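A.B. asks: Please build the complete structure, drawing on both the sequences and the hints.
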Amino acid sequence: MEQDELPPQPDRRGFLTRFFSVVLGAVAGLVPVGAGLAVFLDPLRRHAGGGDFIRVASVNALPDDGTPRKFPVITNLVDAWNKLPNVPVGAVYLRRIGGDKVQAFTVVCPHAGCPVDYKPALNSYLCPCHNSTFAMDGKVNNPKSPSARGLDELEVEIRDGKEIWIKFQNFRAGPAQKIPLA
Amino acid sequence: MNALKNWLDQRTGYKQLLREALLENIPGGSRWRYIWGSTLVFTLTVQFITGMFLWMSYSPSSTTAWESVYYIQHEMSGGWLLRGIHHYTASVMNVLLVLHLMQVMIDGAYKAPREMNFWIGLLLMQLVLGLSLTGYLLPWDQKGYWATKVATNILGIVPFIGPSLQKLVLGGTDYGHHTLTRFFALHAGVLPALIVMLLGFHIFLFRRHGITAKQPRRAPDQKFWPDQVLKDAVACLAVLAAVLFLTLRPWILGTGGGELGAELGAPADAAEAYAAARPEWYFLFLFQFLKYFPGESEIWGAIIIPGLIMGVIFLMPILGGWRLGHRFNVGLLFALTAGIAMLTWLAMQQDRRDPDYRAAVEEAARDAARVKLLAQSPAGIPPAGAASLLRADPLTQGPKLFARNCASCHRYDGHDGLGKVPTDPQSAADLKGFASREWLAGLLDPARVSTTNYFGGTKFASGKMVKFVKKDIAAYTPDQREKLRKVILALSAEAGLKAQWTADEKEAPLIKEGQALFKDDGVGCIECHRFHNNDEDATGPDLTGYGSRDWLISIITNPAHARFYGKRNDRMPAFGDEQILNPPTIGLLADWLRGEWYGPQETAAAPAP
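For the protein sequence lines, the chains are A and B, in the order given.
Those letters in the first sequence? Residues -4 to 177, by the numbering used here.
Those letters in the second sequence? Residues 82 to 690, by the numbering used here.
Keep in mind that the hints were calculated from the coordinates and are not lab data.
All of these numbers come straight from a predicted model, not from anything done at the bench.
Some clues are possibly wrong.
[What the hints assert, rightly or not] The list that follows gives simulated cross-link-like pairs (lysine-lysine, BS3-like), each with its CA atoms no further than 27 Å apart:
| no. | chain 1 | residue 1 | chain 2 | residue 2 |
| --- | --- | --- | --- | --- |
| 1 | B | Lys372 | B | Lys230 |
| 2 | B | Lys248 | B | Lys304 |
| 3 | B | Lys453 | A | Lys78 |
| 4 | B | Lys96 | B | Lys312 |
| 5 | A | Lys78 | A | Lys114 |
| 6 | A | Lys78 | B | Lys579 |
C.D. replies: Encoded structure:
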């Protein structure tokens, strides 16, 4: 406080009065702020679910020539207080890479998070926001692309010969490394 | 440092602002009686801070309001504390309003030239009460929902504009999404903005006219800073301590079961009447006052008399100018306060003495605890909202359905399912623990079969079954008794009761023996009852799947079906076939009787003999 601006109160009692005025006032104000901040910061102690394998499609649904097809990812979602069974939580591109081997990419552009489109005419994925382009194998195929990394590939498991299961995750947008959202 | 301060001062003039704020003259020095205004500013600030943070997690719609408040209260770190502070500060604020008004009145601070400021203060008081009223609805729990309905219905009786006004406030003809969006906009936007504007003017006028010093002055003049500031700070801290005490009360006093922070009842449900609906305690006097205005005279108690009283209070600065006017004002204010205290006490006293109200409060507490448990179950809260959890919960609905539909003849552990003993005498079986081993042992006990807990009250009291139990079973040899025991195990296992899962599993071999014995002529059951066979001549109820969900639903649907009592059915209505209850409701009743619900089990014990 601006003690130098106030009339001189050199005595000890005056100092204590001023001291406690400020301290007690601050305590009274900080308690509600503290309770509020605890709630405000609550999201920091929550972590992204996911990382589970989810059944997405059957190998039979994919063309033999390796053309990608888009599929929704449907799973149980926890949204704050709601638990929602079997709702779409994202989408992936799947394509065959020889025989029954399958490659999976999340549709989220690793640059800024827009969903990319597969353009058959260009034989590549194009991000409609900032024009990053990605080759069929997900790598950046144009050096002018703003994206620092290729499309994020997801782990794939083929179960029972035909079922495509993917480990669905989201990754941080921006950096050249692929870092899962925690 | 000084250079920086000077730089800032040249551009903002903050030093003068600070001087004006802090160096106000207090004639006669600082005193404790001047703290009330500051504590009100403090509580308002606390409400703004906590309110903003609550706002960040609150979702105003009829399927998300309770749910988001539940999430704040029970899932978010510190949420209960934040809600508790906000809730109890509102309570404390209403007390401080009265204290501030009294101090202003006693010290004569409402008289010329301060009339304007008195009126602004009264407007501020109305706005704060408006905050309390709108805030009470926002959690969308049963209590807030039904209590606020009373308030908005009173709005509807305002002459001429009432119905339209009500529609505008509700955002429609009945409570719904738009009631919440409107109440929330009022609570967090409109009213706070008006309060800030009026409070600015209130403080400006207060500074303009200066403090109304208490005479005689006992000390030399002081500045506001630091002595009065210290007193104010101590007072604010005391207010905060009171709020924290109220928030932490169950923990401090060690009273069990109490949730920390503000109460959150079961989610609002227009179909579930709520007999424990009461306004927040500071509105109880109005609630009580309305009881004295029968029929159409309600408008007097709800609007005209309170309006006239507010009118007289508004005129107090003018009345105060007359000889004895000030004394009249102070006297009236004290009388009003005493009247309010009296009415509040009466309201509480009447509730305390009303067993129906107490039962309703208990039921409300049960529902609130139950819905919390269901919300925390793996299935969680569906998008349709938490009210649907209780509607589909056998443990919540079963007792109510039983009391309404079954308890005029049956009993459940001696009562109607909800804990009350019906006035009609018991004339059919007590169904607590139906189909359990203990229950069946009672049925097959010669000493108990013809008590009202089994067949005693029915026309079967003189039927074949009772005779069989009283004659044949009574004469059983120990060897036959052992066989009967196994038959009971087998029959009870048909029900697949949750409470007996482990026992049934453990005694599977005995149950198998019992199943075979049931069909053994020596025991005699098979003479009348079907049991996993298709005997056309069977005269008693088919005991295949006895007590199972399907069996219970079928017998409630139509006990006179050939599979059960046929034409010999006593008085029990065909609840399904006569469309008294719909299939999901019968399912809830069956699940409840079977102890089939989420969460801990009550032990399925037979009623006391």
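A.B. asks: Now tell me if each hint is right for this structure.
C.D. replies: The hints, checked one at a time:
1. B:Lys372 x B:Lys230: The given pair, whose Cα atoms are some 16 Å apart, holds under the 27 Å limit.
2. B:Lys248 x B:Lys304: Distance ~52 Å between Lys248 (chain B) and Lys304 (chain B) Cα, so the pair is violated.
3. B:Lys453 x A:Lys78: holds (14 Å)
4. B:Lys96 x B:Lys312: Holds, at about 23 Å.
5. A:Lys78 x A:Lys114: Roughly 36 Å separates the two Cα atoms, so the pair is violated.
6. A:Lys78 x B:Lys579: holds (26 Å)
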